[in-house]
Every structure is written in structure tokens, then in C-alpha cells.
Amino acid sequence: MAIDNLTVKQIAFLSRLKVEDEKVEATKEEFNKILNWIEELNEVDTDKVEPLISVNDTVLRMREDTVASGNCKDEVLKNAPAAEYDYFAVPKVVE
Amino acid sequence: MTDITELTVSEALNALKKHEFTSTELTEAYLRRMEDNRQYNAYITESADTAMEQAKEADKRYAAGTNRALEGIPLGIKDLFCTKNIRTTAASHILDNFIPPYESTVTQNLLNDGAVFLGKLNLDEFAMGGSNETSYFGPVINPWSKDKPLVPGGSSGGSAAAVAAHLCAAATGTDTGGSIREPAAFCGITGIKPTYGRCSRYGIVAFASSLDQAGPIAQDVRDCAILLKSMAGFDDKDSTSCEVPVPDYESFMNGDVAGLTIGMPKEYRPEGLNPEVAAYWDKAAEYLKARGAKIKEISLPHTKYALATYYVLAPAEASSNLARYDGIRYGFRAPGQQHLDDLYINTRTQGFGAEVRRRIMIGTYVLSAGYYDAYFLKAQKMRRLIHDDFMNAFKECDVILTPTSPITAFPIGDESMLQNPINMYLNDVFTVSVNLAGLPAFSLPIGLSAEGLPYGMQLIGKPFDEGTLFNVAAKLEADAKFERK
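Chains as they are written, first to last, in my numbering: chain A, 1 to 95; chain B, 1 to 485.
Any given hint could be a false lead.
When the alpha-carbon atoms are kept at most 30 Å apart in a straight line, the in silico DSS-like pairs for lysine-lysine are as follows [claimed, not checked]:
no. : chain 1 : residue 1 : chain 2 : residue 2
1   : B       : Lys395    : A       : Lys48
2   : B       : Lys462    : A       : Lys48
3   : A       : Lys28     : B       : Lys462
From chain B, some residues computed to sit far from chain A (all C-beta separations above 10 Å) [said to hold, decoys possible]:
no. : residue
4   : Phe21
5   : Arg33
6   : Pro101
7   : Gly197
8   : Asp236
9   : Val312
10  : Gln337
11  : Asp341
12  : Gln380
Because the hints were derived from the structure by calculation, they are not lab data.
For clarity, every value in this text was computed on a predicted model and none was experimentally measured.
Idealized CB from N, CA, C, for every residue including glycine.
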């Protein structure tokens, strides 16, 4: 399953990353190299195999529905690149 | 008396208990040594002030007789663990101004036992790499380098180099596909990736959550036992953390290997395996045989597919985990854009390095509509087969012995690795299966190559059977008589 230049651009956008026009070709080739390599997995018949999602087969624990932490607004905002009026600030999105 | 920075953790603890020197003296000695050895680029951030405060507190406790398990021992912390009020970067531009308001559970456990933190250690960006060359803060130099600078391995390259060069008594690492074991092997020291779920992942910058696990990197087997006991334990802040008792790992070192069966997987000896690696592997088996262990050839039939499986699953999980870096809530934000999508795109494109961008895009692709079943689901099924290979193998052996890496440390900027990322990925061939199966695995130095560079041996155990690994590792260590830096 080789990918083309358009797919590279689409994946980049889905990833919210930019691939410069002059780098699309090289990126495509690199990805196809990796994807070709991954395709060796198709040598193995896995039709009857259950996927392994986690090696940890314990059932997730339930806990009391109580507040464990909170009232830390200042700490939450401390690392924000921009904050105003106790909120994260983003560029204007509505005209 | 020898330089106090060259003592192991257990030796330093004994000396501190006997008041031969203070933690303040020990910490000052490390800080001086760090300052004199910045050429290794092992630390991203040095935290001298908090280290000195912690050392003073430790000295008070020694005086009062209330000293704890790691009281006053100066450690280096991989810069992937969030440390409260100490910058935590994951070696990425996108986090280079991030100061966590909270502490990771593993580092909190170490602090609760009295450890002193010297600073934050360099790594591959977001732990993605096997050579420490993807760090935004530049490569780390392996202390074993001779005429040209060699990589320390990765991703915990700063941790391994710092321990080998005595820039900390021991260090924390994390291991997603070999990131503790490979650098430990390249730098001639010791490290263990515990069973998945043994150490809490809370507060560790996530790479691939179903594979990531924290562990110690230290000078010898005993130090790993002491560190792991502190680091491990159930944590309700990590839903994958396991509620199992943490044993005294040191006590296992007095065990006997007679009667144990050591498995050697035939698939780990492919045609063309470096003859030096093969020879050391056989020698390690002979050491254990001479002590009464039974050596048995075993088979892990799907070994060949582990790397490709890993390089689907790890990037897929990474693409999801790294979606959080959006330039809004913390970390770097690219300046000067108008539209929100531009802000995301510019922030992430400028904030992430090339290897991280590559893995995010590969991960995004294998999870995308139309390709999910062909790649991601397929890899999850392969993961089951690889996992079951180990479980079947453990029906006929107690521990599996393999080399840690097919090669020794290579030069920084190696052309073949840079030109084709797959060549770099292939170095993980002996380590990734262990993460896919969630098993504990040790790496310890076994000997030097003809060029004088260290090789590591890997011991793989059953889930939560780190104890047997400490038993076997202690014997191999005693027989190999490897001379550390």
C-alpha cells in the first residue's frame, strides 16, 4: 500500500503538522520505505487471533466519585503561553 | 580514599550511615564533577540549589537517626519525569519552558525515601530514539568514546552516560522499546525495565502508554535492586499500575541459580550475528551452567515480526498522546499567527523535531480510516502472538538470556542511521519484544569488544518475577567481573 504526495499532505494536516512542498517527495519515499517494511506482517495469518490491547489484564478499578484534587486554577494556568481573565487565551476564531 | 563520587549507592549509603562523610559533601562533590564534565551534555537542567537543600535535610536525618532508604543519595532524573518546580522538557523545544506544578509518582517515591535530585538528564526527544541524537538540547557523548564521540544509546542516554561518568550515584530511566537497556549496554552499566504496571506512569511524559515503563539505571545489580524497591509500587493515579506487593529485591541476590532453566531463543541468533556478540552470549550461558543452571534452547517464533509490530503500535500511541501539545495550555506557542489551525500547525511543526514529527505522522496514518485494520489492528494481533511466544517459552524455562544489542556504541552522526531510519530502528531488535509482552528485563555489562567498547547481556523474566532476574544477574555480574568506567 504505497502512499502518494497528496496522502502525505493529508496525513500532515490530520497530524496538525506542516510538510514543506519541497519536502513532500522525500517524506513520501521515507514513509513508503517504512510502510513496505511493516508489510512483512502480512506474511502471518492472524485471522483467528485476538488483538492484544494491553498486557495488563486486570479489570479497571472503580473508586468513589469524590473530588481528589481541585482549586488549583493558578497552577493550571501557570504554564499557559497566554491567559486572560483566568482563562487560556487563543487567537480569535469567530469573525 | 577513593573519590566519593565513584562509590555505588550501597557503598555511599554505608558510608553516610557511618558518618564518614555527609550528604552535603557528597552532593557538592557530584555538583563539582557535573560542572567539570559538561562536555558529555548529560544534564539538560542542573538543580544545584534544591539538591543542596535536600542534602542538608538528609544530614539532619542522619544526625537524628531518622534516615530513610535512600537518605542523601544524589540521583539524576531522566527529563521525562515531571518534577515539581523543576523544568521538565522531554528534550523537546515544545516543552522547553515547562515547569510542572506536580511531581511524578516515581520521583515522589524516591523523594519520600530521602533521595537528592542533582538535575534532569538528557534523552531522545520524547524518548523517541536509540542514540540520544534527537534531543533538542544536542547529543550526549558516551564516556567510553575514544578518538571520536560515540552515542550513549537511547533514549535514556543522559541517564546512562551520567551513571557511567559518575555524574550521579544512579539515575531513573524509562523504557518503551529498549530505552533503559540499550543505553545501559552501550555505557557499560546496569539497568532494569520492570514488568509493565510495576512502576506508576503518573507524571511521566507519555510516549506509548501501553509500552512505557520506568526503571533504574545504576552502576551495579545491587544498586538497581535498591532503586527499584523505592520506585515501584501501586498507585491509584495510574489505572495500569498493578496492586502487587514489592519484594526486597536485594534479598534475591543471595539466591541460587542451580536448578533454574535458562532459555536461549534460537531466533536471536540469526545468520550474520556479530561473532563477538555470539561469543559473549555463549560465555554468559557457560557461567550460569557452571553454577548448576540448565541451559535450554527455546523458540520465540514471531521474533522476526517484533520490530515492525512495535513501529506500528508505538507511533500510533505516540500520535495520540502527543496530540495534547497544541500551544494553548502549556509549552511552546509559535508566535504571530491569526487562525487557530495555523497556531496548532506552526506550534507543532516548529516545536517537534524531525523524528517526533515522523512518528506522529506514521502513527496518524496507521490509525486513519481505511488503514486502521490493515496496520493497527494487524499489529495488535501480532502483539498477541509475540506475547504468547514468551508465555509458551516460560513453560520450559525460568529466565531467558539474550544479548541486549547486536552492536556496541556507534559514532554520533552515523550516516547509515541518519539516511534510513529503519537502520536505527533495527538496533532495538533484541529489546522491543519484551515491551510488547510487558515483561521485566535486565541489561548488565558482560565484556568489551575488540575495540574496547562494552557489550550488554539481557535477562528476561516472567511477569512480576524481577526477583529471579536479580538472582541470575548477581551471578552473571560476579562471574563477568566487568570493570566499569
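Hint check results:
no.	hint	result
1	B:Lys395 with A:Lys48	holds, 23 Å
2	B:Lys462 with A:Lys48	holds, 26 Å
3	A:Lys28 with B:Lys462	violated, 41 Å
4	Phe21	holds, 38 Å
5	Arg33	holds, 32 Å
6	Pro101	violated, 4 Å
7	Gly197	violated, 5 Å
8	Asp236	violated, 7 Å
9	Val312	violated, 6 Å
10	Gln337	violated, 7 Å
11	Asp341	violated, 7 Å
12	Gln380	violated, 3 Å
Consistency note: the structure conflicts with the earlier hints numbered 3, 6, 7, 8, 9, 10, 11, 12.
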